Structures are given as C-alpha cells and as structure tokens.
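S.K.: Could you put the whole structure together from the sequences, leaning on the hints where they help?
Protein chains: 2
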Amino acid sequence: MKLKKNYLLSPGPTPVPPEVASAGAWPLIHHRTPQFQNIIKEVAQGLKYLFQTQHPVYFAACSGTGVMEAAVTNLMSPGEVMIVAEGGKFGERWSKIGAAFGCQVVPIKIEYGRGVTPEQVEAALKKNPGAKAVFTQLSETSTGCVFDIEAIGKVVAKTPALFVVDGISGLGAEVCYPDRWGVDCVLTGSQKGVMLPPGLGFISLSSKGWAACEKSKSPRFYFDLRAYKKALDKNDTPYTPAISLLFQLAEALKIIQKETIEGMWARHAWLGEATRSAVKALHLELFAERPGNVLTSVKTPAGVDGEKLVKEMRDDLGVTIAGGQEEMKGKVFRIAHLGYMDRFDILIAIGALETALKRQNFAMKLGAGVAAAQEILWQDPQR
Amino acid sequence: MKLKKNYLLSPGPTPVPPEVASAGAWPLIHHRTPQFQNIIKEVAQGLKYLFQTQHPVYFAACSGTGVMEAAVTNLMSPGEVMIVAEGGKFGERWSKIGAAFGCQVVPIKIEYGRGVTPEQVEAALKKNPGAKAVFTQLSETSTGCVFDIEAIGKVVAKTPALFVVDGISGLGAEVCYPDRWGVDCVLTGSQKGVMLPPGLGFISLSSKGWAACEKSKSPRFYFDLRAYKKALDKNDTPYTPAISLLFQLAEALKIIQKETIEGMWARHAWLGEATRSAVKALHLELFAERPGNVLTSVKTPAGVDGEKLVKEMRDDLGVTIAGGQEEMKGKVFRIAHLGYMDRFDILIAIGALETALKRQNFAMKLGAGVAAAQEILWQDPQR
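Residue numbers (the numbering used here), protein chains in the order written: chain H, 333 to 715; chain X, 333 to 715.
Hints are not guaranteed to be accurate.
Note: identical chains are not told apart, hence a pair may lie in one copy or across any two.
[What the hints assert, rightly or not] With a Cα cut of at most 25 Å, we get these calculated BS3-like pairs of lysine-lysine:
1) K428 with K547
2) K549 with K428
3) K373 with K643
4) K566 with K428
5) K562 with K428
6) K421 with K562
7) K421 with K640
8) K373 with K562
9) K640 with K428
10) K459 with K697
11) K661 with K561
12) K590 with K661
13) K490 with K547
14) K566 with K643
15) K566 with K663
16) K458 with K697
17) K562 with K549
18) K373 with K640
19) K562 with K643
Read the hints as simulated data drawn from the structure, not as lab findings. Computed from a predicted model, the values in this text were never measured in an experiment.
M.R.: The following block contains the structure:
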C-alpha cells in the first residue's frame, strides 16, 4: 500500500504540536500535591493571557458543550429569559441547553451563514427588557461566520443583561478582548485554537457574571463554578482533573505565550486570507457572509458531490476537512486554518481540494488555487 | 542531585502502562469518521467486558463525579427519595449531588471505615417505602472499605427501588456482576482500575434503569444519557469526545481482556492480601472493617505524624501514597494496589513505608513488612 500521511484540517480537533502531544504520554503525578499545584498556578496564569482577561479562567474535564452548560446553569435561573443568536448548530445548542434547564429562550433566527447584527440584538433586548442574558458565538463553527462581538457588546452594555460568548472555535484565532468589550462570560474548548486534544473546557466570568452566579437558582453540581473558584483560589480543582491534558495545556500555553496573542491573531488572519483567495481563484463561492480567521466554509458547486469530495480528500488523499452539519450536509465544506497550522497547511488543503474537484470533473484550472494562496503566503505578517 | 524515580501508589490516579501512555501522544483523527467509529465500536465492546454487563456502557469526557451526577439526574426526579450509604467522602458526595438536584436525601450514616450492612439498607427501605433508589459505593476510596454489593442487591431487589453503585475505585479490582446482582446503574472513572489518565467517566444502566431515565424530570444536558444512547447506537458520541483518552482506552482494554477480568480480580486480591500482611507485620492497624482489593487504609500509629509520613514518602523517597481526606487527615494513610501494579509495587510501597516510619523512630523491625509481603507474593495466583 502506498505511503500516505494524514493531515487534520478540520475545525476541531486540530493538529497538536509535538511538544504538546508527547506531554500526553508523561507519567502521571498525583493532583493533590505541591508539584501539581505549581502546574495549576502556571496554567491559570497562561489561560488569563490566552483569554485576555483579568478574571480567573476555570477549567473542567469536559467537551466544549460542558462549559456551555456551565454558562447557562451558573448565570441563568429557571424561567428567566435568554436571548440567543441562532446562526447555526452551535447557536441552536445554546437554545437546547437553555430549554433543558427551564429557561425562556428567545431565539434571534439568522439564516445559516449570516451573522447576528447589533441591531437585531438591540431589537430583541427592547422587546424583552427583562432578559437576563444574550448568548452568542464568537465564531459559529458550523457556518464559518464570525460575529461582531465588540459591536454587540456595546448594545448589550446599555441594558442590565449579561453578555455570554461561546469562543469554542474562535478564541485564539479571532481578536477578542472580553474585559474591554463588556463580555460577562467567555468560554472555549481545548481542541481548537488551544492546540490540545479534546477533553478540557475553559470558562471565565466577569464580576457581574459572578454576582449572577452566586444568585442563580439552577441546579448544578459538576459544573458549579463556585466549587471551581473555591478550589482554584488554593491552586486546586474540585474533582480529579484530567492530569495528562493539563500537562499538555501547560506546554501549549508556553507556545502561545511565545508567539503572543497578537501574533496568533495575525497568523490566523493571514492563513484565512490566503485560503479565501485560493477558493475564489477556483471560482468557488464562500458560504459565510462574514468569514473569519477560524475556518473557510465553501458552497459545494453545482455538479460536485460535496459528501464524496470530503470523503475522497480524507480517505484517498489523507486530508481531513469538514463537511456540512445536518441540514448543511453536502451543501458546504469547511477548511480550517485553526490552531497549530502554518502556511504550508494551506497549500496542503488547497492542493487536496483541487485534486478532489478535478476528479469530479469540476471546471477549473489546476494550480490556480495554490498559486493564489502563494500570493498571500509568501509574505509573513509576523516576519 | 541524587537520581530518584517516582512511583504512583495512590488510589487514583494510578500508573499507566507504557502502551497506554504512548497512545496519549498519537496524532489525533477526526471523530466523525468511519476510522473513529471503529474505535468507538471496539471500546464499547471492551467496556461491556470490563463492566461484566450486557448493557451498553456510555462514556463522557468528565471526572468520576460527572458520571455520579449523570446517575442522579438520569434516574431521579426532583423531590424523589434517595437512600444513600454514607460511609465516607464519596458516599457524602452522592448526598451532595442529590441535594443539588432537589432530591430528598435519606442518608444511612455509617462510621468511617465501616461498610453499610444489608440490614441497614433493608431498614431504610422499610422506613421509606417510596424511595426511588439506593446509592452506594463498591469501594469507598476514602476509607478503603468494600461494600457487600451482592448482599445489598438482594435486599434492594425485594423493593421497587433502583440500585446504584459507584464503582469508581472498585471496578476491575473487586468482583462485581452488575446484571446478576441486580445493580441498575454502575459507573467508574478512567484513572483507577482502567489504567488511564483521569478525564473519562463510564456509566451503564439496566433496563429498569433506562425506564427510569426516560421518565426522569431532572434537568440535564451534557450528562443526558439519552443523547449518549442515541449516538452510541450509531458508533458516535453526542459531543466531541476526548479523542486521545479514547485511543488510550482502546489500548487499556486490550491489556484488560488479555489478563481477563477474573485474572484482574485475582491479582488485586493477591496484592491486597500481601499489603495487609505486611502492614500487620509492622504492628500497624487496618482502618477499614472490610478492607478490599483496591487499597489498604492504615491507622496512623501513636507517635507518628501521618501527614509528615505521606509527605516524606513522596518528596524524599519518590513514593506517592495517599493521606486521609478532610476529617481523616493525618489519622490514616492509604496505599493503593490498584490498576497497573504487580508484586514489586507492593515491595516498593512497604519498603518506603518502613523507611519513613523508621525515620520517625517508630518501634518496628526493619524488613518485617517486606518479608511478610514476600510470603504472599512469592506465589502468583495466576501462574
């Protein structure tokens, strides 16, 4: 069988740097020891930097959905109104979690691929003056659309409502200043910009968020942030932490701090621009109205089988991108430029895409995409 | 600085076999692919074997406490009565979770170190004929006491109540036949007998347990087992799984199936017997009334500083055992013989214990412990 390498270009999981990967195999140490407390202290500091916040960032063994639940149960009480920007699968997840915990969900329905506008949020807040919180995404992974968190924050700040941002795919890739932008809760998962395997969730609350947390009447235990706060104040965790993932987190945060957060943002913007340029050179159409630094979602062109395209890229070429989720299946495909990726990952993605399109006899000039990418990639913004 | 190796002899985390450790560093693959579905299929099969159940075993990214919460919210509705065998810190955790979700908790208070008796459970069930469920531990990690699940199961089976067993430290080390013994819910964590790093929780329900799950009115989302069932039926997971920990799980389950579950139980019993024999030869007193295969808890003898003992063993000798938790701090210490351990780990534990006791001028014959252990260890039950 022909040798084939595997390339992970999906918006989570993302590739893991070798230093981080190998830390996943380190011998465990016990978590209730001064030795482990030092690791907690180190990652707590690094997480504040990654989040660009002055507030503590708590971490739990869970997927991103776990910390989304934490945001809902720690901020909302049953019966309270939550306004949700429903611009895709992950916006819809906010609504499902809210409904499961008895909140009154007021969705702002947005066409897939479009972002929520500050005006829409303003109108929803006006119509629901008692709303407890507004829930959005920084980047809606299912469509590739980035939301204007800064502008929405200004609108929410005029009301008593809390502002909650799911940064699961966006954090580290998109500019985000939660403290400055009036974000009361921001969260992310480990398998995206943080460059770790999945299994850790991270969440931070503003002072206003904490006040709500203390008063929330939602039932909660594993995700009760009051327990995480009490523990982290002593460099501890309330339950056995995912020790090997925390070893890996410490390594990843070193890499992140070395590149700097501004450097990360610039790199992701650069890779995103190159990808979009390549896609356009292949006469393909972008799906997201406001595409971001995280991933590029592309409309499957007429005459091409989108599911087959993704499958062939993965199984024949070794290049894993993502297809569309649920209703979007086959209609879009999504190329990530997220986490541990550099310029050559873009060449791989576009090279594989051209090959797979050509096999389906899509009318295109082979090489046009990679050439267009090179035009952007030859100049490095961080040089 | 003198070379010193580190030995993990605590009841979680436990040492990880090298094959399992290295799988934690493998390159990630995407979780929504046929390639990953094969891994899910494989671990689902292996988990049924480990659990000795015909029912599916679900897994989530979380610590053991996460699946304890899953047991409570999926089986109980607010206001319903749960009987809890409170024999230590983990029994108390059942009560705390129940209270957080609005259940009426009826604790059976047991002196630390003692086990709950079938008679006590029977009396509690008689006094609370409407009780929805009885919650116990297979092994109460904080005291080292093993509960007689088979006998308790017989008592619970005479009533409509569900029987829930936290097997977090016990599963794989103590004989347990959930289907035969009338257990409706059994759960465990990854960092104990399963020989993985922490970060995965496992839970299985009987048919009666599933019927309760379908009817439960407790709010839940991340730990809603209905979503896990729907996904696992298609070899999938509802949220992004902890991919690297699942790679490791597949490796660990291979080792477990090679040794056989009966072999695991026999090995743990043998190591436990050797440890107890050594402890007695040093004229130390066991703490647990019904000590098990998981760990040996020992009363700190008069004149010895228990916290200093544990600290010196860890920091000077490189041997991590566990001290007592909360009220038991300093009063007991706990030596695990759990997971990836063989006869020589017992010699290490006892050798380090003798050294640390001697340093505190405890009256003892140096070598008496290791010699007593050897009397048991020289013969291998699996040979």
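S.K.: Next, verify each hint and record whether it holds.
M.R.: Status of the hints after comparison with the structure:
1. K428 with K547: both (22 Å within a copy, 19 Å between copies)
2. K549 with K428: both (18 Å within a copy, 16 Å between copies)
3. K373 with K643: The answer is between: 20 Å across copies meets 25 Å, while 43 Å in one copy does not.
4. K566 with K428: Cα proximity of K566 and K428: across copies only (22 Å, versus 34 Å in one copy).
5. K562 with K428: The answer is between: 16 Å across copies meets 25 Å, while 29 Å in one copy does not.
6. K421 with K562: between (33 Å within a copy, 18 Å between copies)
7. K421 with K640: within (22 Å within a copy, 53 Å between copies)
8. K373 with K562: The answer is within: 14 Å in one copy meets 25 Å, while 39 Å across copies does not.
9. K640 with K428: Neither way: K640 and K428 sit 31 Å apart in one copy and 50 Å across, limit 25 Å.
10. K459 with K697: Intra 52 Å, inter 80 Å, cutoff 25 Å: neither.
11. K661 with K561: between (41 Å within a copy, 23 Å between copies)
12. K590 with K661: Neither, since 38 Å and 41 Å both go past 25 Å.
13. K490 with K547: within (22 Å within a copy, 42 Å between copies)
14. K566 with K643: between (48 Å within a copy, 18 Å between copies)
15. K566 with K663: Only across copies: K566 and K663 sit 23 Å apart there, 50 Å inside one copy, limit 25 Å.
16. K458 with K697: Classified as neither; 51 Å inside a copy, 80 Å across copies.
17. K562 with K549: Within one copy only: 19 Å inside, 30 Å across.
18. K373 with K640: between (47 Å within a copy, 24 Å between copies)
19. K562 with K643: between (47 Å within a copy, 24 Å between copies)
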